[in-house]
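Those protein sequence lines, which keep their order, are chains H and B. Quick note: the first sequence, position 63, residue 63 per our numbering, numbers continuous. Quick note: the second sequence, position 48, residue 48 per our numbering, numbers continuous.
Since the hints were made in silico from the structure, they are not lab data. Every value quoted in this text rests on a predicted model; they were computed, and no experiment measured them. Heads up, the beta-carbon is just placed ideally off N, CA and C, and yes, glycines get one too. Incorrect hints may have been included.
[Stated by the list, open to error] If you only want the chain B side, here are some residues facing chain H, beta carbon under 8 Å, derived: (1) 14; (2) 22; (3) 32; (4) 33; (5) 43; (6) 92; (7) 94; (8) 95; (9) 96; (10) 97.
[Unchecked claim] Which residues of chain H face chain B? A partial, calculated answer using Cβ under 8 Å: (11) 15; (12) 33; (13) 46; (14) 71; (15) 75; (16) 123; (17) 141; (18) 146; (19) 158; (20) 174; (21) 179; (22) 182.
[Unchecked claim] Within a straight-line C-alpha distance of at most 20 Å, the following computed SDA-like cross-link-like pairs (lysine to any residue) qualify: (23) H/59 <-> B/42; (24) H/59 <-> B/45; (25) H/59 <-> B/41; (26) H/59 <-> B/44.
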Amino acid sequence: MAEALDTTLRSACRGDQGAWRRIVDEYAPRVYGLLKAQCRDAELAEEITQSVFCTLAVKLTGSEGYAEQGKFEAWVFRIAVNRLRDEVRRRRRQAVNVDHSALDGRAGHPADGPRDETEGSRSRALRDAIERLSPADRQIIEYRYVGGLSFRQMADLLGEPLGTVLARQHRALRKLRDLLEGGAPDGMDWMPDEAIES
Amino acid sequence: MMSERGDQPDRDPRLEALDASLRRNLAPGAEERLVAERVFEASRRHLARAGEPRPLRFVPVDDEGASMLPSRPSSAWPVLAAMAAMVILATIITMLFSVQSARNNQIVADPGESEGAEAAPYIALDGDFESEFSLATSTLLSDITASVDSLVTTGSEWAYGSLSSELQIATTSLWEEMESF
Chain H
1 MAEALDTTLR SACRGDQGAW RRIVDEYAPR VYGLLKAQCR DAELAEEITQ SVFCTLAVKL
61 TGSEGYAEQG KFEAWVFRIA VNRLRDEVRR RRRQAVNVDH SALDGRAGHP ADGPRDETEG
121 SRSRALRDAI ERLSPADRQI IEYRYVGGLS FRQMADLLGE PLGTVLARQH RALRKLRDLL
181 EGGAPDGMDW MPDEAIES
Chain B
1 MMSERGDQPD RDPRLEALDA SLRRNLAPGA EERLVAERVF EASRRHLARA GEPRPLRFVP
61 VDDEGASMLP SRPSSAWPVL AAMAAMVILA TIITMLFSVQ SARNNQIVAD PGESEGAEAA
121 PYIALDGDFE SEFSLATSTL LSDITASVDS LVTTGSEWAY GSLSSELQIA TTSLWEEMES
181 F
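Hey, can you work out the whole structure from these sequences and the hints?
Quick look at the structure:
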C-alpha cells in the first residue's frame, strides 16, 4: 500500500491527473467527514477540504517536490485539522451546538441505498450516543472511525503518547457501549493515563 | 487492562462488535464522495499548472542583504566572465570607432578651418590609424575567438586565464597604437 501510494504520489508530482484523482478519492472524503464532524458545518468543512487539496496540489508539483516518507496521510490530516482550528478561532465559532445532520453523510445516509429499518434505527442510535459523549471522547472516535486514522497517526496529531491514545479510544468505546446499552456512562476511570504511559 | 504486549487493550467481544459497527456506520458515504468530486475539480487546476513555466521568484536575502540561494556552480563563472569581457570590449571598440568617425567627419566637413600643423596629424591619422586600428581589432577578435573556443571546449580555468590575458594585452596594444598617433 505504501509502495502504491509512493508511486501514485510520484505520478501526481508530474501532473498526472489520474494519480491525483486517486489521491483525492482516497483522502478527501475522510478529510471532509472528519472536518464536518468536528465543526458541524458542512459548508466550512468543504471549503477547508478544498483549500487543503489545492495546497497539496501546489506543494506536490512545486519546485521543492515531495518525497514520501510514510507521512503523507498524517501530513494531509494535520493540514486539515490545523486549518480548521485556525478558521474556527478566526470566526470565533463555538462548535458546541448539536447538529444531528452532521453525521448524515455517513454510510447510513439514504443516498447510499436502501437499508432495513433495524439497521437505520441502529445507525441513529449510534449517532445519538456519539453526540452524548464528551468532546474529548467524541474527538477520538471521530479521528478513528470518520478520519480512518491509525493510532500512531492519532498520537502524532494529538501530540499524545501512543499508549494514551489507545487508552482514550478504549475508554470512549466503553462509554459508547454503555450509552447504547441504556446505562449511564460509568465514569470509566478503570485505567488512569499514568498507568498506560508507564 | 492492557495486554502483555502493552500495545492494545484486552479483547472484548462487545467492544469488537461496536468497533465493527462504527466502521460500518461512520465510513465515508455518498455525501463525502460527492464533495470529493468537487474537491478534485477545484484542485486539478493547480495540478495542471505543474508543467507551466515557473514565475520569477524574489531572491530571499538575509539580514545583511546577501542572497540565501545556493551559489552558482563554480564551473559557470569563467563563461560568464568571458561574456562580460566580450561585452566590455565590444563597447570599447564601438566607442573608438565613433570617436574616429566623428573626427574624420569634422575634417572632411570643414577642411579649411584646420590650422596647418594642427590639422596634419588628423589627416595623417585618417589613413594610418584606420589601417592600424583594423589590424589590431581583427587580431584582437581573432585571439578572443580562439580563447572562447578553447574555453567552451575545455571549460577550464586555464582557458579563462588565457582569454583574460589576451584581452589585457590586446587592449593595451590598441591604446598604445592610438597614443602613437
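Are any of the numbered hints broken by this structure? If so, which, sorted upward?
6, 7, 8, 9, 10, 14, 15, 19, 21 and 22
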